[in-house]
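Asks: Same order as they appear, the protein sequences are chains A, B and C.
Under this note's numbering, the first residue of the first sequence carries the number 2, and numbering increases by one thereafter.
Under this note's numbering, the first residue of the second sequence carries the number 432, and numbering increases by one thereafter.
Under this note's numbering, the first residue of the third sequence carries the number 4, and numbering increases by one thereafter.
Be aware that a few hints might be false.
[Stated by the list, open to error] Here are the in silico distance ranges between beta carbons for each label pair:
id : chain 1 : residue 1 : chain 2 : residue 2 : range
1  : C       : A143      : B       : L479      : 47 to 57 Å
2  : B       : A719      : C       : A324      : 16 to 26 Å
3  : C       : M169      : B       : L479      : 30 to 40 Å
4  : B       : T658      : A       : K153      : 46 to 56 Å
5  : B       : L479      : C       : A324      : 42 to 52 Å
FYI, nobody ran anything at the bench for these hints, they're computed from the structure.
Keep in mind that this is a model prediction, so the values were computed, not measured.
Idealized CB from N, CA, C, for every residue including glycine.
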Amino acid sequence: MSAAAPVLEGRNLTKHFWVKRGRGPFARRTAVNAVDNVSVRLEGGSVTALVGESGAGKTTVGRLLAKIIKPDAGSILVDGKPAPSGRPRSYAATVQMVFQDPFASLNPVHRIRHHLARPLQIHHLAAGDVNTVVAGLLGRVALKPPAQFAAKFPHELSGGQRQRVAIARALAVRPRVLIADEPVSMLDVSIRLGILNLLADLRDEDRLAILYVTHDIASARYLADTIAVMYAGQLVEVAPSVELTDHPAHPYTQLLLSAAPDPDRAQPPVLAGSGAPPSLLAPPSGCRFHPRCPHAMDVCKRKAPPNITVAPDHIAACWLHVDPSERQASENGAIATGPLEKAETKR
Amino acid sequence: MTIDTTALAKIPPAGPAAGPVLQRGRILRLPRSPKVIAGLFIVAVFGLIALIGRWVVPYSPNATDSQNWVQHVLVPGTGGDSGFPASYYPLPYGPSAAHWLGTTVFAQDVWSQLLASTQATMFVGLLAAAIATALSIIFGVSAGYIGGATDEGLSLIANVFLAIPGLPLLIVLADYVPSAGSSIFLVAAIIAVTTWAYSARTLRAQTLSLRNRDFVEAARVSGEGRTRIILAEILPNLVPIVAASFLFTTLAAIYAYVAISFLGLGGSPTGSPAGLWNWGEMLREGFANNAVRGGWWWWWAPPGICVALLGTGLALLNFGIDEFINPRLRTAGLTARAAKKAGIKLGTAVGVTPVASISPIAVKPATSAADAVLEIHGLSVDYGYGAEAVHAVMNCDLVLRRGRVLGLAGESGSGKTTLALAAMRLLRQPAVITSGQVLFHSRPFTGEGPKGTIDLLAAGLHQLREVRWSEIAVVLQSSLNALNPVITVGAQFDDLLRVHRPKLSALDRWARSGELLEMVGMNADRLRSYPHELSGGMRQRAMIAMALALEPQVMILDEPTTALDVVTQREILEELMGLRDRLGFAALFITHDLSLLVELADEIAVMYAGRLMERAPAASLFHAPRLPYTHGLLNCFPPMHGKRVPMEGIPGSPPDLRDLPSGCAFHPRCRWAMDRCTREVPQLAPVDGSGREVACWLHRDGAQVPAELARPEPAQRPALMRVSEQ
Amino acid sequence: MVVILRRLGVYVLAAWVAITVSFLLPRVVPGNPVAGAVARASQSGNCNEQCVLAVEEQLGYNVHTPLWDQYVQYLGNLVHGDLGHSWSENAPVGSLILSFLPWTLVLLGLGTTLSFLAGSAIGTLVAWRRGSSVELMLPAATFFQSLPYFFLGLVIVLIFGQTGTMLRWFPSLFGYDIFAVTPGPNLPYIQSVLSHAILPAATVVLASLGGFILAIRNQVITTMDEDFVLVAQAKGLRTRTVVWYAVRNALLPVVANFTIAISLVVGGQILVEIVFNYPGIGFHLFDALGKLDYTLVQGIFVVITLVVLAANLLADLVYVAIDPRARQAA
């Protein structure tokens, strides 16, 4: 990891949501603590994967970083400097996003050319011929012949082709950060790798900082340099991807890995835990994972765990990795607990 | 008047099948159905009359016909020797050559009045609709897009206007504004005020759903301004809804205008501008002058019929828009005709997929294996009829063995779900089974239920009902939609048991339902819950419990865990496989996730573009695939262990069933494709003498088999998730 | 409960808007239409000085108190059920409306209920038997829903009414035979009322039926594509149970949109009452319009609005009762 400031950093991001319950004229709204004190760093030329079950808040983190929604607390830094408030065009030119559903992320009434040309016009990037730049973008995402694709409507393309258009649109403003929210989960299995390989290309050749939000830990391992695991709105473990999948330190990561399909498995899998994620309307006390954790101790119920560096660049928020004596000490307030950050090193 | 715009308020669901509005490039394309053509024709005729009617009238609508002056009739009891002076009352003429629609009691020409009055009627209707639509777009779109307090405020105003009955308000307004009668502009404005709220509410709901669509967010992320997002991204998508609202409001405004004119509040033809008749005014004159009692139908019936005809025309056009917005409505009606044309008897039984009697492909002799429970031979399924038919499943053979798990793998559109549901005859219109044989060898676990071999494609509804669920149960992907949302889980168990186990008492049924829930790890109290009160995992468990309720011999599991998180998926699969070991049912497990299938199936069949392409024991298929597609598919799942290496996946996209490549449908994506593959369709056939079959030319006639497709067979082992082997 | 209260809030607000409109209109519109009404009142023989004063006060004519005070007094009177004084009938508007209201409510309740039930049944049948000859109902329903209520009323009078010229099967004038029977709990009166209700009720039912058929057909077709109907079929349930699954769910959006339907039926029925001289509030509204009795017009408008709002509230309660998701939120 470089010592320089990351391209994009979110510090202590927190977001509460109002969710609608009920339907029709009888809907009611309730607050949900979707993201709680999450910090992420995205470095140039590197893919960070954010992994978790649905409702873990991973998509919300992506949208917070893209400034689609405002955090209730926390800050966003570009190159180590606080990002300007609001969502000015300069920010749009730095951070771009690819959405989950390629069927919904392109406007059905506009041709592909419109989708790619608009960002160019907004940001005054096509000094010369817009069509040439559009063709270049389509070529970059391997949609050939570009002229033919530019003239099509979204419904004339397959899911994979649409997702490529969505990536081309994001690339149009020459961003430095790409936030990809489950970019392959709605695509057919046989074309997912093509999209993942395209993202890897963008990282290696264009030095993009990519946040890859996914529920599929196998694809995260394949693509990402770093994996961050989220549970119930909080980060629980961050590590280089192979390190994380080979030596998971947090019980939740272990559970996820034991549940993932793996045809190479020699023995039947033994699920390391059970149950479903908690309601965020009233999250559990202490460590949010404790009701499902096979190793839960007394302290887990009472106090949120600190972030422990269990190996170089490998951090887990779990009491299991704290010496029993220090656990006691921390209960007396000797060890600070807080958000998961790489800077915070103990041991 | 129409109240049929409920479809408008329906927000298209998110997901791959996201709103039909979003499926097409054109903003609004009306289906070319007879309904729409008739509607267009009617509206066009009235439009033409409105444009030129006033100037082509044979008589002035106000002028009395002095040559055919009104006939006078003596009032009974006057004149003569009654002692009263003779008194006469006028009688209008009936239709004649001179007066096509007869005359009024004032000897005015009804036909001329009718032609002349079309203009004002339609003008007020269109003007009011234009004002109301403009209002509703401004209100609805700004409320929906801005949201928050603005939305609350604007919605409240719309709801208040919606709750106040329109016509009474209109009457009071028109009554108090004395100049209203003299100005059709004012009348139109007042009508607009009383009719805009419904469209505003619809547009608001639609805008709200569009605002959260990814393409709007994408525009925002790319730095697009608010005004442009509304004008260029959102409004074009609202066009069908706006068009439907406009037609609906036009209709409502014409009725309102006719109604208040009938009450004498819509201005009179003697006011200004002079001679401006409308249909409501004609009806009023007729009604006020006893035309109904007199039986002078030609006077008041034509304007009423005109209102109804114009209304029908507008409503027919609106159907077209509704069908564009909600394509589910379109197949209705059209299918029957198309099927008849193609010579297919649809039958009247709903819930039974028809089997075409036309040209059945010769069915292979059924070589029933001793332990087969469900045999599918040569099954082909079309969507649509005749030339428009899409061949979703072609000539598929599949044998499910007693107590085994057969995995059916394929991507979207490969026909895997169609195949399974067709075997149960559960596909809906416009699906047709064009050929094949499905044999169910029943050996019920319980004492009840049918025994022996049943040909499901020949069975009637009654026979199918005996087999369905009690012997073959189905679990679908999305359990949220699979459970009836308005009744409790318990009631849905009860429905089932009441039909299939009529001897059980209500208490016994309840107890049995509770037992079943506990069997899948749920609390029996959950019987009292409604589906929406359960999490996705719980609903799927409840669905599985329900599937097991009658101890079926076969379970069809269609992507039962795809919508769930991995941990829940694993828990449910373990539960399911444990139950399978205990209860001994056979399972047809359908999924796109080949990596999952390898863990739990005994045998796997791979489908591509409607055909079965490879069939082999799970371990063989995983370790030694023979089909290029299977090989590619297995390389689409990144491993969880070892060194990370770049993987290729499969180039290209799955084919469109409406436009399949020639020969082997996979050849454009196949790295080993040969000349022959582009021309001839390979059939499933045994390879290397083992029990496995593959449909690929590489394994035929001494072709050079690539090393990747010639790996040695692995040692057979039971599927990982099988706790015990029978 | 909160949600029902919220809806109630909307209706209270709607009632307030309607009342305020009816208060303000005679006072603010240019051209002073009220003057004519007051003049008529004082010239018509049946309204004495006191009566004229009451009319002036109700309409804000010749009254020299500030508008706000008039408004407060108007609202205060309303709370006590005082809707002003009708000069044409020389009676309190409140008691007049009370005597008209039963006719309207019975006709409305009967008509809407019958129409909704028949529409649901036919709409479901048409949706379920897609492609069969039942679908011929659709063009017929479209045409019928396009007929204005009062025009259909005229046609029915012509064909079946005793004041028409064709079959003369049923009475088609007034609420009962005003010459032959005496109002009261006696058999001839009840028989007369019933026979006089046949044609107006048939008109309301026929005119609103088409709309219900089409709305429910569309909803049932949409619902039939849902997975739970497929599952119900896979469960081997009886066809009628499967149909019930679909219909139960298809009714939800129809009930949710009942506001617009009830508003249309009420509007239509006003005109039907006029055609049949049926003594409900619609007919008397027409009567009052003709006589320029603005006090009565005002009062009837307020009462119709309240009736419609009450019907809306009822529809909301029904919705809550049939949709468990709404019930939970409510």
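Asks: Against each hint, give a clear statement of whether it holds in the structure.
Replies: Going through the hints against the structure:
no., hint, verdict
1, C:A143 <-> B:L479: 47 to 57 Å, "violated, 26 Å"
2, B:A719 <-> C:A324: 16 to 26 Å, "violated, 46 Å"
3, C:M169 <-> B:L479: 30 to 40 Å, "holds, 34 Å"
4, B:T658 <-> A:K153: 46 to 56 Å, "violated, 27 Å"
5, B:L479 <-> C:A324: 42 to 52 Å, "holds, 50 Å"
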